[in-house]
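Residue numbers (this note's numbering), protein chains in the order written: chain E, 1 to 530; chain Y, 1 to 121.
Please note: incorrect hints may appear among the correct ones.
[What the hints assert, rightly or not] Sample of chain Y residues with no beta-carbon within 10 angstroms of chain E, all distances over it, derived:
{"id": "1", "residue": "Leu9"}
{"id": "2", "residue": "Gly10"}
{"id": "3", "residue": "Ile12"}
{"id": "4", "residue": "Ala13"}
{"id": "5", "residue": "Ile16"}
{"id": "6", "residue": "Gln77"}
{"id": "7", "residue": "Val93"}
[What the hints assert, rightly or not] Taking lysine-lysine and the DSSO-like style, the derived pairs with C-alpha atoms no more than 27 angstroms apart in a straight line are:
{"id": "8", "chain 1": "E", "residue 1": "Lys423", "chain 2": "E", "residue 2": "Lys357"}
{"id": "9", "chain 1": "E", "residue 1": "Lys24", "chain 2": "Y", "residue 2": "Lys114"}
{"id": "10", "chain 1": "Y", "residue 1": "Lys114", "chain 2": "E", "residue 2": "Lys497"}
[To be verified] Chain Y stretches covered by chain E per the calculated footprint, using a threshold of three residues with CB under 8 angstroms from any CB of chain E:
{"id": "11", "stretch": "41-49"}
{"id": "12", "stretch": "79-92"}
{"id": "13", "stretch": "100-106"}
Since the hints were derived computationally from the structure, they do not count as laboratory data.
It should be emphasised that the depicted structure is a prediction, and the values quoted were computed from it without experimental measurement.
Glycine included, C-beta positions come from ideal geometry on N, C-alpha and C.
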Amino acid sequence: MSYLLSVLILLPIIAGIFIYLVPKKFSLYLCIFAQIFEVAISVFCLTKVQQAGMVFNIGGWQPPVGISLYADSFSMSFVMLASFLFFMFVIYNSSRHYVDRMFYMLYLTLQGLIAGIFLLDDLFSIFVLVEVSTIIVSLLIMYKRDSRSMYDGLIYLLINVFSMTFFLLGIVVLYKIVGTFSIRLITEITPQLTDKSTLYFPYALIITSVSLKAALMPLFSWLPKAHGTPSAPSVVSAVLSGLYVKGGVYLFFRITSALSVIDTSTFFLACGIITAVVGFMLAISQTDIKLILSYSTVSQLGIVMLALNLGDEGAVYGGIYHMLSHALFKSALFLCAGIIIEKYETRNVNKIRGVFKTMPVVSIACICAILAVTGAPLFNGAISKYLISHSANSTLTEGVLILINFGTQIYFVKFASIFWGTKKDNIKRTSINRQIVLLVLGVLCLIGGLFGTQIIEMLYSVDVYVELKEYLEKSLIYLVTLSISIALFRLGVTDNKFFDKIRTFDASFNTIALSLPLFFTVLLSYLMFF
Amino acid sequence: MEFIKNYSLGEIAAIIIFFIGIYGVIARRNIVKTVISIGIIESAIILFFVASNEGYTKAPIVKDTLESGNIADPIPQALMITAIVIGVGITAVALTMFINLYHKYGTTNWEKAKNLRDKVQ
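When you get a sec, could you build the whole thing from the sequences and use the hints?
Have a look at this one:
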């Protein structure tokens, strides 16, 4: 049965090539057919990995020599969610004018590559897949070929290629020490090493490049450009922000747990907090709705990074569940933003008004997603944020989490101002397939909140408890901070000069590139001297 | 300087070339030179892998994992061929994108392109 893991990677890629060859009228049906297969196989594999992890050795060769695929419940839950969301996005996007055979080919290939990044056990193959997916993502960003996305796509490509050279040098040096690329074997070999200081150099190289993929504090400047570029199709923004960026965080999690002899949790805890705070500051300052959502992604990834480095098992599950929830609500938000931008022909949050009366169904889905991302009670964001702050043993970390959530509320109150106001005339109805997809995503946010603990127990076979008293306490804090943030927004705090100044800040390519070796130097000296 | 002893001459040369390439990416504002610098970095990594453990009596590249001393570890060679192919692909895509950008913006400079970004259509 384990060969199904390779089918998960190859099926979308082969389907994509096939779609490119047959006439255009069949392409949508072929694509949906392939997607249904992909979802079915991933659900089947997810039920299989509950007892034990699945291993598939490509060509029958064992790991030190061959390449193997490894699936446990963590990676399979991501692959399942990815295939489900890709399926939803195909239905959502089916009637767009720019969707042609080339788009389907690139899109399906990206799906296969994302599944591969989650399933592969071999660091070099991960490098290959990440490089190829970087090319495909930059092609998708500039799919509509206007000049602004040309610049954003080129910056995205070169920064990510530059960071992956660090990854490649890192795994090569690591290979010299441990003699394998397999993550599972590295986990076994590294505790036996007598001198762990030889691992510092490769560790710093690998983690630097993975941190760029996961958009940590000094290294996130490429993310809003790529995710929020105005002309990129909204489906591409949703894939990037909802799924693709999780690949970086997932790799960070896998590699740090494989090289657990080196403990950098304090360093990355601080990094996560700074990322989350800087992310929401920048999100508050933006007026472009797509950029608000992109900086929100940075901020939420900071929370995940914080959770993964708290050093508590409950917080890790909270962080993982927050990644899954984030994939749902952020893709719903990007799709809604895409519809709104298309109907109103502007991206300025101050110029869009009356969305609720114009498009009620889209607005309901969007409001569900906003409630989920701010961690409102009953939604999935509340469960994950509860688990993270429950395991935060110090009051300082809990306070920081409340502060981050407060910031999240401020910029989403700003974002939600688009719903008020009078109806705009002459707006065409949103097509029915897009409304269905958005409603499904919105309802899933609610289901993920109502049955959050059961879902975590079912997926990862761990017991998580949500105490009613603490949950109500957190709901009360949520309501208090929400009313403060509404009051602050009404008083016009978001329009002051400080935010104007940080909005106009735009890093050039050389500055972003400089941040990478700087981060590497800081991390290496942290490892050497602490 | 204890940790330099672990590396052979070829490896140290490769690391130096790697950082020269990084200097190129950071300091040059020309987009073509950025692509060239990334090419330099990739060559440095390939040199590092191929030069690993040169000078030891046993076969390259891993000291103790192979039983026989007379054969070379095939993995680095296979992997570096893959890395070269990927490098060529990346360079080709980057240059194609650059040509498109140049037609729209009329500049090869990152800073000028950034300033033009919101104006050009």
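Against the structure, the hints come out as follows:
no.	hint	verdict
1	Leu9	holds (15 angstroms)
2	Gly10	holds (12 angstroms)
3	Ile12	holds (12 angstroms)
4	Ala13	holds (14 angstroms)
5	Ile16	holds (13 angstroms)
6	Gln77	holds (13 angstroms)
7	Val93	violated (5 angstroms)
8	Lys423/E <-> Lys357/E	holds (5 angstroms)
9	Lys24/E <-> Lys114/Y	violated (38 angstroms)
10	Lys114/Y <-> Lys497/E	holds (23 angstroms)
11	41-49	holds (count 6)
12	79-92	holds (count 6)
13	100-106	holds (count 4)
In this structure, the earlier hints numbered 7 and 9 are contradicted, and the remaining ones agree with it.
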